[in-house]
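Going down the list, the protein sequences come from chains G and B.
Under this note's numbering, the residues of the first sequence are numbered 6 to 580, in order.
Under this note's numbering, the residues of the second sequence are numbered 6 to 580, in order.
FYI, nobody ran anything at the bench for these hints, they're computed from the structure.
Mixed in with the good hints there might be a few duds.
Which copy is meant is left open, so a pair is good if it fits within one copy or across any two.
What the hints assert, rightly or not - Heads up, simulated DSSO-like pairs for lysine-lysine below, C-alpha to C-alpha not over 27 Å straight-line:
id: 1; residue 1: K56; residue 2: K572
id: 2; residue 1: K533; residue 2: K572
id: 3; residue 1: K384; residue 2: K104
id: 4; residue 1: K317; residue 2: K384
id: 5; residue 1: K117; residue 2: K104
id: 6; residue 1: K292; residue 2: K232
id: 7; residue 1: K299; residue 2: K104
id: 8; residue 1: K313; residue 2: K216
id: 9; residue 1: K214; residue 2: K9
The lines below spell out each chain.
Protein chains: 2
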Amino acid sequence: MADKIFRVNMTDLTTSTEDVPADWMGLGGRGLTSTVVAAEVEPTCHPLGSKNKLVIAPGMLSGTVAANSGRISIGGKSPLTGTIKEANSGGTAAQMLAKLGCKAIIIEGMPKGESWYNLHITTESITLNEETELIGKGNFAVVEAVASRMDDKHGCISIGQAGELKLLSANLSIKDPDSHVRSCGRGGLGAVLGSKRIKFISIAPTDSKVKIADQEAFTAANRAFTKALVDNPISQALGQYGTNVLVNIINESGGLPTRNFTSGQFEGHEEISGETMYDTIVERNGKPKHNCHKGCVIQCSQVYNDAKSDYKTSGFEYESIWAMGADCCVDNLDHIAEADHLMDDMGIDSIETSVAMGVAMEAGVLDFGDGAEVCRILKEEVATGSPLGRIIGCGAGNVGRTFGVTRVPVVKNQAIPAYDPRAIKGIGITYATSTQGADHTMGYTIATNILGVGGSVDPLSSEGQVELSRNLQIATAAIDSTGMCLFIAFAALDDATCLPALIDMLNARFGINLTADDVTSLGMKILKTERAFNLAAGFTNLDDRLPEFFSEEPIAPHNVVWDISGKEIDTFWDF
Amino acid sequence: MADKIFRVNMTDLTTSTEDVPADWMGLGGRGLTSTVVAAEVEPTCHPLGSKNKLVIAPGMLSGTVAANSGRISIGGKSPLTGTIKEANSGGTAAQMLAKLGCKAIIIEGMPKGESWYNLHITTESITLNEETELIGKGNFAVVEAVASRMDDKHGCISIGQAGELKLLSANLSIKDPDSHVRSCGRGGLGAVLGSKRIKFISIAPTDSKVKIADQEAFTAANRAFTKALVDNPISQALGQYGTNVLVNIINESGGLPTRNFTSGQFEGHEEISGETMYDTIVERNGKPKHNCHKGCVIQCSQVYNDAKSDYKTSGFEYESIWAMGADCCVDNLDHIAEADHLMDDMGIDSIETSVAMGVAMEAGVLDFGDGAEVCRILKEEVATGSPLGRIIGCGAGNVGRTFGVTRVPVVKNQAIPAYDPRAIKGIGITYATSTQGADHTMGYTIATNILGVGGSVDPLSSEGQVELSRNLQIATAAIDSTGMCLFIAFAALDDATCLPALIDMLNARFGINLTADDVTSLGMKILKTERAFNLAAGFTNLDDRLPEFFSEEPIAPHNVVWDISGKEIDTFWDF
Numbered sequence: 006m007a008d009k010i011f012r013v014n015m016t017d018l019t020t021s022t023e024d025v026p027a028d029w030m031g032l033g034g035r036g037l038t039s040t041v042v043a044a045e046v047e048p049t050c051h052p053l054g055s056k057n058k059l060v061i062a063p064g065m066l067s068g069t070v071a072a073n074s075g076r077i078s079i080g081g082k083s084p085l086t087g088t089i090k091e092a093n094s095g096g097t098a099a100q101m102l103a104k105l106g107c108k109a110i111i112i113e114g115m116p117k118g119e120s121w122y123n124l125h126i127t128t129e130s131i132t133l134n135e136e137t138e139l140i141g142k143g144n145f146a147v148v149e150a151v152a153s154r155m156d157d158k159h160g161c162i163s164i165g166q167a168g169e170l171k172l173l174s175a176n177l178s179i180k181d182p183d184s185h186v187r188s189c190g191r192g193g194l195g196a197v198l199g200s201k202r203i204k205f206i207s208i209a210p211t212d213s214k215v216k217i218a219d220q221e222a223f224t225a226a227n228r229a230f231t232k233a234l235v236d237n238p239i240s241q242a243l244g245q246y247g248t249n250v251l252v253n254i255i256n257e258s259g260g261l262p263t264r265n266f267t268s269g270q271f272e273g274h275e276e277i278s279g280e281t282m283y284d285t286i287v288e289r290n291g292k293p294k295h296n297c298h299k300g301c302v303i304q305c306s307q308v309y310n311d312a313k314s315d316y317k318t319s320g321f322e323y324e325s326i327w328a329m330g331a332d333c334c335v336d337n338l339d340h341i342a343e344a345d346h347l348m349d350d351m352g353i354d355s356i357e358t359s360v361a362m363g364v365a366m367e368a369g370v371l372d373f374g375d376g377a378e379v380c381r382i383l384k385e386e387v388a389t390g391s392p393l394g395r396i397i398g399c400g401a402g403n404v405g406r407t408f409g410v411t412r413v414p415v416v417k418n419q420a421i422p423a424y425d426p427r428a429i430k431g432i433g434i435t436y437a438t439s440t441q442g443a444d445h446t447m448g449y450t451i452a453t454n455i456l457g458v459g460g461s462v463d464p465l466s467s468e469g470q471v472e473l474s475r476n477l478q479i480a481t482a483a484i485d486s487t488g489m490c491l492f493i494a495f496a497a498l499d500d501a502t503c504l505p506a507l508i509d510m511l512n513a514r515f516g517i518n519l520t521a522d523d524v525t526s527l528g529m530k531i532l533k534t535e536r537a538f539n540l541a542a543g544f545t546n547l548d549d550r551l552p553e554f555f556s557e558e559p560i561a562p563h564n565v566v567w568d569i570s571g572k573e574i575d576t577f578w579d580f
Numbered sequence: 006m007a008d009k010i011f012r013v014n015m016t017d018l019t020t021s022t023e024d025v026p027a028d029w030m031g032l033g034g035r036g037l038t039s040t041v042v043a044a045e046v047e048p049t050c051h052p053l054g055s056k057n058k059l060v061i062a063p064g065m066l067s068g069t070v071a072a073n074s075g076r077i078s079i080g081g082k083s084p085l086t087g088t089i090k091e092a093n094s095g096g097t098a099a100q101m102l103a104k105l106g107c108k109a110i111i112i113e114g115m116p117k118g119e120s121w122y123n124l125h126i127t128t129e130s131i132t133l134n135e136e137t138e139l140i141g142k143g144n145f146a147v148v149e150a151v152a153s154r155m156d157d158k159h160g161c162i163s164i165g166q167a168g169e170l171k172l173l174s175a176n177l178s179i180k181d182p183d184s185h186v187r188s189c190g191r192g193g194l195g196a197v198l199g200s201k202r203i204k205f206i207s208i209a210p211t212d213s214k215v216k217i218a219d220q221e222a223f224t225a226a227n228r229a230f231t232k233a234l235v236d237n238p239i240s241q242a243l244g245q246y247g248t249n250v251l252v253n254i255i256n257e258s259g260g261l262p263t264r265n266f267t268s269g270q271f272e273g274h275e276e277i278s279g280e281t282m283y284d285t286i287v288e289r290n291g292k293p294k295h296n297c298h299k300g301c302v303i304q305c306s307q308v309y310n311d312a313k314s315d316y317k318t319s320g321f322e323y324e325s326i327w328a329m330g331a332d333c334c335v336d337n338l339d340h341i342a343e344a345d346h347l348m349d350d351m352g353i354d355s356i357e358t359s360v361a362m363g364v365a366m367e368a369g370v371l372d373f374g375d376g377a378e379v380c381r382i383l384k385e386e387v388a389t390g391s392p393l394g395r396i397i398g399c400g401a402g403n404v405g406r407t408f409g410v411t412r413v414p415v416v417k418n419q420a421i422p423a424y425d426p427r428a429i430k431g432i433g434i435t436y437a438t439s440t441q442g443a444d445h446t447m448g449y450t451i452a453t454n455i456l457g458v459g460g461s462v463d464p465l466s467s468e469g470q471v472e473l474s475r476n477l478q479i480a481t482a483a484i485d486s487t488g489m490c491l492f493i494a495f496a497a498l499d500d501a502t503c504l505p506a507l508i509d510m511l512n513a514r515f516g517i518n519l520t521a522d523d524v525t526s527l528g529m530k531i532l533k534t535e536r537a538f539n540l541a542a543g544f545t546n547l548d549d550r551l552p553e554f555f556s557e558e559p560i561a562p563h564n565v566v567w568d569i570s571g572k573e574i575d576t577f578w579d580f
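Take these sequences, add in the hints, and give me the full structure.
Shown next, in the form of structure tokens:
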């Protein structure tokens, strides 16, 4: 059976399946969500109004046995940034939806009443059921309820209290194979699902498989692809220490934003480093290695236990640890883990919320370093939607405006993540030009600026950064469409066998003949589609800028400022 | 002595006087503030950062005996809208500064420390003095302190707690002849003075007079001008009932936005009408007629006493009464007067704050109609900068974003005032296209749409509204430069003797030869200067739009929506 579009109309509470239009046939993941949003959403609409849509799409290879192909993309107009938005995540949903023959779910309209709904998807039907019991509950309660009402093989995409409250940093949580959650984190799309009054989407398991046009070629290509991933030294480091291996590396580079972006190094870096985290995990019988979806061969996730060796959090990422750690000066991993757990449960972006907390610290709302107070505010204020909780839960830009703070690290109102653009200039180009607001994953120049992957570009020079970011953003847009985890990029950049094997898999899956150039063209087309949406929403080149404090306040230890001109930034779009 | 620019540099805490550049010589009021801001402020700068400037300029005729010429303009980049901003007001400051030979005060830079300052201006000197005693106090305490430290003849421009807290709706208060205050209300420029850490500007009285080039011609022109004002029937109605005469008129038209813009008529309109207010004032020994500055012959202000006949508020305007009344469904004039008094004292825009309160009511923060709770929130939350107070004090758009409300009546993030654009379409064009965010005073089409002044344009038709708004916005930009109160427009539109007399006064004052065409050209030039600033700040035509709910939700009693297309709105700028 050919893949279908699953359409859910919340205004009249109907569901339907549609054939996939020819234009969308060769797309998946971000390529598909951005194409649908650009085609069907009025760019100037209110993101929390009835005209916005939420689009959920497994990647092109999701549901196959291809290594690391279990990413799901969720798109819409972002209530945080006002731009087009795609956020992707691991978990089990992408593979399950792909096996159910779902090319994409499009959720549109808005119910008139105050009821909440569960969208339930099986091989036979797509149904909307009223939900009452789980309203006001966190994501873990939802995952548990799905397991107890159905069984623990069901998939789940849900919002916590943050999404119900329509907080602008609310994310979507995707159940992982261990019944914990992964997040489509950035840009507040959880508030969009909340505005549609859907608390969770449950997905029934199936024995169906996705169709592979040329099974033999596929298997061979996957073998080569997997080997490239497994052999890559960065994959290996990620497997050992997780992404948090970066704390010491970025601190050493002088680009670890500290104390709300007033220094590039954090005194407490050792306490929150990947190495310390690894030792702590081992000591407490956690899991240093863990996968967010079946088929991942990198396993950068981990299970972090508390001092009593009870589960505390998993998918404990560098960016979250940096944000709550260095940026808020909290040098206690247990406080950070507790905060991470709370944010996962209420369903809120850990980067945005932690950076917002740093701005609140600068405003004097709480003290830098006070991890206990951070946890109290998350639990008692943000999750309950108190006024302070709403201010913080609506993001760093909102905290800045509301408290009159001028040092507010955001681009297009989205918080700048874990790499200071003054000391690592390539990533500044990505923050400035990304169609999605500041987002390191959109063009991860750290690879080349710091890790020496894909060549080498001096992080402190302005030379070559635009081209670096452009090439990576184009490649990323394509990778985000395949269902592949972005971490395949390290192998793809340095191992000549990796990218051809990926393309071979795409061709074998669909019976097509893509070349490397076609993949590049796809990436370019996605970026231009997204950019056109943003321009039609009222954005201009002047939105592709970093906040002025980066140009005015030199950052230690290099004492550098952001010095790439607007004119040079604008050459990003010359392709 | 020729007029001078008074420059105040808060970074190094110095003051100086400068000759007036030739380009600025023929300007005053808004024409001058907008010209200075466009020339000296980087359009993309942070409005609360060191690069923004606050420019204070008396009008061209301020300080003379010309009737109604005592308006002061204050300009800068608005922290609320991000656009260029001019807010003007009566009070004594314009006339006093003009007599001191001050063409404009330009306040720039930002001090490093935590100290607050008083800027003191006399005939001999311009000095900055540290201020401690009045920090945290309201405007009335400042006015009293100026009187007791110096004498009550001193003028005063101050901020209350809202400006100190850098709330985005903070205004600037100008002492009036009775030691009450008038407000440069809109766009949050009080937060800009707060960011410069100036609590108040005190102005010493002087016996000097402004120079008149041709005294005889000036006196004759002023006589004709004054007669035109005094004879005008709208001037007379404003003198009797104040601007609040409009409650019943606009309610009758079906354009009185009620219950957060969900109806065009308010059941409690009689209770809050100008007629009821007049009777209440008379009964309580208040003053139904009162002038905000010396030389006003319209006297639309009043003194409203409480039930014990003690002073409660003055300058009790239709727009404030509408906002706290109809829009929040508060049908008790004493609650509205108390709220008005509190907002005057803390120094916050009564339109923005009341509309924000209406959005908060829609969000369920408090009940529609609960005037007592409104007053409690103003006093205990907004004035103290509690989290809820900051949310509300940062304006209607901020409340909408923070609470996830989609029916948020703002343009360029500034609250839409007292006339519904669905039922009175001309004013919708003004809201959409004004360089300053939604602001009825920028092109008051109510005159022609409702009051039959300057011809007649059907308020419910889309025909002719763009041209009407354009002509009025051009005329208003010129009037706002003269130091004249906008209410001279009623006479200027309908009495052929009024505008020539005004031009004769300008010519007699400066020894120049302006024609009516020159005045129109000045208005056009101001609008284009302001528009150019906004475009350079990142605004586009797409910002010249009303919120989408106006096109989707018909409003009673006419059951009309906003139906003027973006394309038609954009023809506004064809001049």
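A quick look at each hint next to the structure:
Taking identical chains as interchangeable, the C-alpha atoms of K56 and K572 lie at most 27 Å apart only when they sit on different chains, with a minimum of 21 Å there against 35 Å within one chain. When the C-alpha separation of K533 and K572 is checked against a cutoff of 27 Å, the pair qualifies both within a copy, at 19 Å, and between copies, at 25 Å. Proximity of K384 and K104 under a CA criterion of 27 Å is satisfied in neither setting, with 37 Å inside one chain copy and 59 Å between copies. For the homomeric pair K317 and K384, the shortest alpha-carbon distance inside one copy (15 Å) is at most 27 Å, but the shortest distance between copies (43 Å) is not.
When the C-alpha separation of K117 and K104 is checked against a cutoff of 27 Å, the pair qualifies neither within a copy, at 33 Å, nor between copies, at 61 Å. Taking the shortest alpha-carbon separations for K292 and K232, only the intra-copy value of 23 Å comes in at or below 27 Å, while the best inter-copy value is 88 Å. In this homomeric assembly, K299 and K104 come within 27 Å of each other (Cα to Cα) only inside a single copy, at 14 Å, whereas the closest approach across copies is 80 Å. Taking CA atoms no more than 27 Å apart as the test, K313 paired with K216 passes in neither setting, with 46 Å inside one copy and 84 Å between copies.
Taking the closest pair of Cα atoms, K214 and K9 come within 27 Å of each other only inside a single copy of the chain (15 Å); across copies the shortest separation is 82 Å, beyond that limit.
Hints 3, 5 and 8 from the earlier list are contradicted by this structure; the remaining hints agree with it.
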